[in-house]
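Peer 1: Please arrange chain B on chain A, whose structure you already have, making use of the hints.
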Amino acid sequence: MSAYDDPPPWRAGDGETIQRVFEQMPIAHVVLDGPGRVVVAANAAYRSMTGRHDLVGNSLQSVFPEAAGQQLFELYDRVYATGVEEKAREWRVWFRRQPQGQPEEAYVDFTGTPRRGPDGTIQGVMFSVVDVTERVRLRRLAQQDAAAVDRRYERAQDVAKLQEALLPTALPVLPRARIAARYLAGAADQAAGGDWFDAVPLPGGSVALVVGDVVGSGIAAAAAMGQLRAVLRHALASLPDTAAALAQLDAFAAADPALRVATVCVAVLDPVTGTLRYSACGHPPPLVATPDGAVRYLPATGAGPLGTGAGSAGTGSAATGSAATDGGWESAVLEPGEVVLLYSDGLIDRPGRTMEQGMAELAAVAADAAAGRGLPAGPGTTAAERICQLTVELLTRTGHADDVTTLAAQRLLAPPPPLDLELPAVPATVISLRRQLDGWLAGIGVAAEDRQVPELAVTEVVTNAVEHAYEPGHAGQVRLEATLGDDGYLLARVSDQGRWRVPGPRGDRGQGLMLAGQLAGELIVSHARPGEGHDDTGTEPGIHGTVVTLRHRLHRTALVTSNAVAVPAVATDAVPFSATTLTAEPSPCVRVRGPADIVTAERLASRLLAACRGGVLPLSVDLTEVTVLASAGVKALYQVQQRLRAHQQELTLIAPPGTPAAAVLAMARLGHDRKV
Amino acid sequence: MSSVELERVTLPPVLGDGTAVTVLQVRGDIDITNMAAFELALAQPADGGLIVDLGRARQVSSAGFALLHRLVRQGNAAVVVAGDGIVHATATLVNLPFHESVAAARDWLAPPG
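From first to last, the protein sequence lines are chains A and B. Residue numbers for the first sequence follow our numbering, so the first one is 1 and each next one is one higher. Residue numbers for the second sequence follow our numbering, so the first one is 1001 and each next one is one higher.
Since the hints were derived computationally from the structure, they do not count as laboratory data. Idealized CB from N, CA, C, for every residue including glycine.
If you anchor each label on the Cβ, the simulated ranges turn out as follows:
1. B:P1045 - A:E471: 31 to 41 Å
2. B:H1069 - A:Q144: 28 to 38 Å
3. A:A442 - B:D1084: 16 to 26 Å
4. A:Q144 - B:G1028: 17 to 27 Å
5. A:R373 - B:A1043: 55 to 65 Å
6. B:R1008 - A:D54: 51 to 61 Å
7. A:A442 - B:T1010: 33 to 43 Å
8. B:H1088 - A:E471: 33 to 43 Å
Just chain A, with the same shape it has in the complex:
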């Protein structure tokens, strides 16, 4: 006799009625079964939305193979394994409405609910899905309109201005490395946060990549972040050794309590040799992805957070160190085409996930993005851009409380070839050269909005040559040469073989060169003397040609966004914070449960200090049942440790392997015992 032979009194209705209602429900529903994700039911709304009628009896992955790499199957597997419902808002999907058709982009809201059998075991997962593509499209249009009208007023928002001023607005464009970054403000406080990133070209063609995280959020964290970023930038620019720069930052942070326990990862990439020297000070290690989708985390470096004295971040030479760990620095080799990714802990430390799970998910998404599998990231995007975009997009959709920052650099096979064009000095040449320069700049990775300035500057100089180098009726040539230097500067050289004429009193001439110089930043005019090469004195009118050299730092706009539809981070375990004293004096032990994060950090520090009488008694803290140990919680533990040390007492932290606290403590270089 089965469970259904004797229907219980609470049964919802007869099977035929339920089937009819299910079929007619306006919201799309699909029901899947087992670990193989086999479709056992799909109502008319779902069939209509997907355009597919070959669903029942087939697995989701066989009907929608293009969904691989979009985290959909992984979400199903999680719900199936854990029995915990998951919701998503405005999830971007890419699927075929016809088996042989082209994939289409859509946005959906959905809920994945575990489907249980009569005995309570999970049999599969039900999805209710709403196609919100039109809603997203209309909202974006409305946002564009509103942005155009209110741009000036939006900028009046003090916090947004502060954030905008403190984070880099641009990334360098380099000949041997493609760099991309993405910053997403935390959902809880989208105004400003403590994450920062930077990419700083160094002498010799190397580039320093930086991702850091200051404890906390809001204005104070943003201000602290701004200080650290400025100090590190200055140190990188002024000191010959990156390790010395990091040591200076460490010392700076140690002197100010607001800056202590900030974490930072600095990686110096030499794109010619592929040597990557890095130090992760309390920060998760860099991830490397290959073009074919293999990924590897680089080893930890053993350096602790800034200003804590845990580990030595600033010793050893970033320029000359060996392959072995060298005073808080490690080295690796990045092969051509490989991408190194630096990221903040907001990307891996997310609600309902351990840090290990978060790192595994990050690796999986980065692998797909590097190989160009799964969700498209847009036409013409590089591997570095895809990794930055898709890791942030795919891994924050189920909630994120902290800022999320990614910074990636791809080592290129070879620098771009220089541009060298020579055309008749006629008006049409101005247009032709500008278009070819535009294509060349696009090819080396300069975004469309960032190409306008160098193009206008060069156009002005070419126009000047076309209009004034040659007498009317005399044919001549104008030549444009452009190269991208290792320092990220465009060097554009416009030359002619005509006669230089001093601008007349009306001032009609000279405006173009003035404007070009203002736009480019650096402009040098040199004239040829008879029988000589060019000089750059500009004192003698040339009769054998003029050369105008423009130097302009190229950049790409860094994407700094707040996510208007961010899902608030809600811990799925819902264990409340508590700190309970288990054993009393003379050796108190406190058991901490629930989240140790920015909300609870102050209470945590207060309870621990009370238990150890302000630091005069040795203290043990059991973190076994801590669900989240965020940077604010780490800072609280550091504060207590410092207080105990002032009284020559010890802080013993207990975090068994596999617990959320263990991984964080290891990264933060806070020593701990493995068991109670």
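Peer 2: Coordinates of chain B only, in the frame set by chain A:
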């Protein structure tokens, strides 16, 4: 020749006895290849005043700005540069007086009341 569109639009007078203001809308690039056409468009009569709206211009060369300088110096004309793109940046660099909206330019040319 670069792609540029020059379109004249007449704005009705604010008051019944006012004079209509002409708006020259510029779309695309102003450069050496279309400078003559641009100069001709600026020279067309506009009794109630001329507003040159560069809000949809992609780029304007220094020679184009020189023409606009001359136009503004002659009087009864105003330039509009909206947004914060490269046209705004270059207009600022060459010290061209401009307004940020057609409405502001019209009020400046023919103050209401």
